[in-house]
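Line by line, the protein sequences are chains A and B. No gaps in the numbering here: position 35 of the first sequence is 35 in UniProt numbering, and each next residue is one more. No gaps in the numbering here: position 45 of the second sequence is 45 in UniProt numbering, and each next residue is one more.
The reader is advised that the hints may include incorrect statements.
[As the list claims (entries may be wrong)] Some chain B residues judged to face chain A by a derived CB distance under 10 Å, without partners named: (1) V35; (2) S66; (3) G72; (4) L201.
Just so you know, these hints were derived from the structure itself, not from any lab. Being a predicted model, the structure only gives us computed values, none of them experimental. Don't be surprised by glycine CBs; every beta carbon is placed ideally from N, CA and C.
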Amino acid sequence: MRETRPLSKGVVWALLALAALVVAIALVLGARAAAGEEEPFGGTDAAVTEQIEEDGHEPWFEPIIAPAGGEIESGLFALQAGLGGIVLGYAFGVLRERRLRGDGDVDGAGDMDRDG
Amino acid sequence: MHIAEGFLPPVHAAAWTVVAAPFVVHGARAVVKVVREQPNARILLGAAGAFTFVMSAIKLPSVTGSSSHPTGTGLGAILFRPPVMALLGTIVLLFQALLLAHGGLTTLGANAIAMAVVGPWAGYGVYRLLAAAPLSVKVFCAMAVANLATYVTTSTQLALAFPEGGFLEAWGRFLGVFAVTQIPLAIVEGIIGVLVVNALLSWARPELRDLGVVGDPTTARTGEEAARA
Numbered sequence: 001m002r003e004t005r006p007l008s009k010g011v012v013w014a015l016l017a018l019a020a021l022v023v024a025i026a027l028v029l030g031a032r033a034a035a036g037e038e039e040p041f042g043g044t045d046a047a048v049t050e051q052i053e054e055d056g057h058e059p060w061f062e063p064i065i066a067p068a069g070g071e072i073e074s075g076l077f078a079l080q081a082g083l084g085g086i087v088l089g090y091a092f093g094v095l096r097e098r099r100l101r102g103d104g105d106v107d108g109a110g111d112m113d114r115d116g
Numbered sequence: 001m002h003i004a005e006g007f008l009p010p011v012h013a014a015a016w017t018v019v020a021a022p023f024v025v026h027g028a029r030a031v032v033k034v035v036r037e038q039p040n041a042r043i044l045l046g047a048a049g050a051f052t053f054v055m056s057a058i059k060l061p062s063v064t065g066s067s068s069h070p071t072g073t074g075l076g077a078i079l080f081r082p083p084v085m086a087l088l089g090t091i092v093l094l095f096q097a098l099l100l101a102h103g104g105l106t107t108l109g110a111n112a113i114a115m116a117v118v119g120p121w122a123g124y125g126v127y128r129l130l131a132a133a134p135l136s137v138k139v140f141c142a143m144a145v146a147n148l149a150t151y152v153t154t155s156t157q158l159a160l161a162f163p164e165g166g167f168l169e170a171w172g173r174f175l176g177v178f179a180v181t182q183i184p185l186a187i188v189e190g191i192i193g194v195l196v197v198n199a200l201l202s203w204a205r206p207e208l209r210d211l212g213v214v215g216d217p218t219t220a221r222t223g224e225e226a227a228r229a
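The task is simple: from the sequences and hints, build the whole structure.
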C-alpha cells in the first residue's frame, strides 16, 4: 500500500511550485502570443463566439438575465469562486479537525455539531 | 468550454438536451444513493461539488494569449464515479447560465455533455486504466484528462454545428482555440487534484477506504500512518 501514503511535505511544496511555474510560463508565452491584440488573455469562449459570428451565424436566443457590465460579471465570478471556496474550506476544515482529534473512524456528523 | 446562449442551431441544441437529460437524471439518482447509503461521505460529496464550483469560476491565462478555466470534475468522478458529476456539473453550468450569462439554457445540454458527462467519464476511464499506477499518478492523469476531454468535446460539438470548410477543418480550428489553450490548465488542474487527494489521504482516510479509493479495508493500514507522515 505504498502509494496510499500521503506525500511528504517536500513533494507537496515542489508540486505547488510546479503549478505556479506552469502558470508563470503560460503567462509569459501567452503575453508574447497576445502582443498587439486588443484584449490580451480574453476568454476562449468569447474568441470562439466571435469566430462563429464572423462566419455569419447569429444567436437566436438571448440570455434571460445578463450581468450589467464587465465589473458586475467579474464580481459574480468572484462570488461563485467565493461560495465554492467557503463550502470547500468548511468541508476540509471539518475533516481536518476530526483527524486532529484522532477520532477519524467515527461518524463525521457528531464532529460537525461540535464544531457548529 | 461554454457554448454561448443561442449559438447552437435549434436542432443541435434540442438534440444535445435530449442526449444529456438521461445522464443528469441518472446522476441525480446516483447523488441520492450516495447521500442515503454512505452518510459519512456526504461531506466529501459537498467538497467535490464545491471543487467544481470554484475551479470553473477561475479563469487562468494560457500560452495562446487567451484565458480559460479548469473544470474540476475529475475529483468527484474519482471519488464517487462519474454519474454523480453529471448532476453536480450541470448545477454549476445552470448557475453560470442563469446568473452570469455564461453558457446558456439553449446550450445547457451540449455544455453538460462536455463538462459533466464526457469529462468525468474520460477522467474516470483513465483512472481505471492506470489501476496499477501510484495514486498520485492516477489522480493527476484523471484530472488532466477530464479537463482536456471537456474542451475536445466542445470543439467537436461546435464543428458539428458549424462545419465551415468541412467538419475536420472546423474541428481543427476550434481545437486550435480550445485545446491548445487548455493544456497548461489541465496540467495545473492535475497538480491541484493530486494535492487535494493528498490532503484527503490524511483527513478523510476512512471515507476514501469506504469509497474504494485507497486499498481494501483488510489490507490497508489505519489512519495512524497518515498522522505520522
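Do the hints match the structure? See the list:
1. V35: Cβ of V35(B) sits 13 Å from chain A, so the hint is violated.
2. S66: holds, 5 Å
3. G72: With a closest approach of 9 Å, the G72(B) hint holds.
4. L201: holds, 4 Å
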